[in-house]
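Asks: Here's the letter readout for the chains.
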Amino acid sequence: MCKSIEDKGLDPFNVDVDDIIAIIQKYFPEWKLPEELCLDAEAIHHLASIIKLQGDWVKHRSTSLYTDPFLLEEKIQLLSKEELATLFLETWHPIIEFEQISLHSLDEATKYWQRLLPISERWLKTGSLEMETGATTREELVKLRILAEKPFLEELEVFWEELKHKVGGEKKIRYWDFIGAETYSETIKRAYMTSFLVTYGYATLEVHRLEEEIFIEPFEKPRSMLGKKQMVSIPVSVGFEEWMKWKEGK
Amino acid sequence: MDEMERRQIKLKRKAYYTRKIKMATHLLFYRRHRKPGVKGWELKRKLGSDYPKVLGILDDHLEKLDLQVKTVFEGEKPAGKPTLEQLDKARFYITLRGGLTPKETKMMGWRIDDIAGLATAISCIIAKKGKAPREEVEDLLRNKLPGWRVDINMNRYIRYGYLAEDENKQLYLDWRTRAEIDQKALVDLLLSKEKTLSNQ
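Residue numbers (our numbering), protein chains in the order written: chain F, 1 to 250; chain P, 251 to 450.
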């Protein structure tokens with residue numbers, strides 16, 4: 001019903017919002033499955049759209065443009081074509097514009113055309129561009145940031161060792177205490193590496209939603225979770241303000 | 251500052267605005283994009299931050315020719331004096347200042363049927379809060395126009411930018427209606443016409 005009102009522009013006041021809200025509220029505790037909750041969320045979303053349409057309706061009625069559609073329709077039926085057109089012409093102020101080319105742009109275009117090489121020559125020119133081949137060293141590629149200094153997995157394992165070392169006797173460490181560094185860019189780099197530690201099964205995240213705390217726990221041996229368990233993505237915000245807060249609290 | 255210096259400053263200022271007005275005329279009269287008109291920020295970039303003043307002077311010049319600089323704001327028209335930000339986001343057009351006579355519209359390629367149909371479609375959409383099903387508008391047009399013309403005319407209004415249609419066959423007022431038609435005056439005229447009809 002809500003959808004047809006949204007799509008077809010029917011009267012939004014046909015929906016008794018309070019009544020539907022009461023029904024949703026009544027059955028809400030019984031829903032257990034995510035699919036059921038999703039359906040509820042969808043219903044609430046459409047109800048919100050209906051409330052917006054009702055708001056727009058009230059707003060429109062209060063504007064000077066409001067006219068009773070039935071009254072207007074009746075009046076249009078009564079007026080002749082000529083009367084309607086004459087009346088409309090009083091309120092119509094057509095846009096004035098030129099579409100023809102000016103002498104100046106014609107002159108510019110002619111000059112451009114004279115300078116322009118035939119397409120066969122232009123294609124030949126781009127096609128025949130040859131680069132001299134040569135040799136480069138690994139150091140040069142590292143300098144150009146095409147290659148990393150250490151292979152990525154090697155770097156990741158060093159990082160994993162660092163995590164294990166930092167955890168020490170404890171089982172886990174606070175996420176920010178591990179990724180936090182002296183500079184913000186370094187912190188970002190550590191957060192990036194940490195995400196790979198978790199994805200590749202070197203460590204796991206423990207999220208305490210109520211306390212709003214995240215811990216990272218290293219595994220003794222890498223565990224491959226792929227295919228065994230459903231993988232879940234955990235978005236973690238590593239903003240500048242959060243970093244500043246962590247640094248001040250350190 | 252003596253009289254001579256004052257006159258020189260005045261002349262310089264006049265030359266400055268004459269140059270700017272010429273530039274504004276070129277920008278506004280020639281279509282530069284797919285749609286006619288120029289955005290405020292574009293004018294600001296080409297004419298400088300005092301472009302509202304340049305447009306004001308141009309508007310005064312155009313009045314003699316029955317033309318005007320029309321400002322179409324994004325969203326609703328501001329109640330008071332528009333802010334610079336609102337002007338930057340607005341679109342500017344050159345439009346006819348006064349109205350047209352039925353004879354003149356023939357020269358523009360519009361038949362009286364086409365104009366009456368457009369007036370009906372626009373007023374119907376205004377009355378329905380800016381959105382009406384195409385079928386409903388077409389039914390209204392069919393009362394006065396032959397059936398085969400209705401679809402052709404509707405498509406023409408959409409193509410020209412007077413109306414827009416969404417995937418649910420709902421019609422809306424499009425950019426050209428906002429630029430060319432004084433919607434409030436149209437509603438008022440229709441209502442006042444109703445009074446005369448009911449008095450008869």
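In case anyone wonders, no lab produced these hints; they're calculated from the structure. These numbers come from a predicted model, not from an experiment. Just so you know, not all the hints are guaranteed correct.
Derived SDA-like pairs: lysine to any residue, alpha-carbon spacing no greater than 20 Å straight-line [said to hold, decoys possible]:
hint	chain 1	residue 1	chain 2	residue 2
1	F	Lys59	P	Glu388
2	F	Lys81	P	Lys272
3	P	Lys378	F	Leu78
4	P	Lys327	F	Asp11
5	P	Lys378	F	Ser4
6	F	Lys164	F	Tyr200
7	P	Lys272	F	Phe98
Distance ranges between label pairs, derived from CB positions [said to hold, decoys possible]:
hint	chain 1	residue 1	chain 2	residue 2	range
8	F	Glu155	P	Ile408	32 to 42 Å
9	F	Gln77	P	Arg281	51 to 61 Å
10	P	Asp432	F	Lys59	15 to 25 Å
Where a beta carbon is used, it is the ideal one built from N, C-alpha and C, also for glycine.
Asks: Please go over all the hints and tell whether each is borne out by the structure.
Replies: Quick rundown of the hints versus the structure:
no.	hint	result
1	F:Lys59 / P:Glu388	violated, 27 Å
2	F:Lys81 / P:Lys272	violated, 42 Å
3	P:Lys378 / F:Leu78	holds, 19 Å
4	P:Lys327 / F:Asp11	violated, 26 Å
5	P:Lys378 / F:Ser4	holds, 16 Å
6	F:Lys164 / F:Tyr200	holds, 16 Å
7	P:Lys272 / F:Phe98	holds, 15 Å
8	F:Glu155 / P:Ile408: 32 to 42 Å	violated, 59 Å
9	F:Gln77 / P:Arg281: 51 to 61 Å	violated, 38 Å
10	P:Asp432 / F:Lys59: 15 to 25 Å	holds, 21 Å
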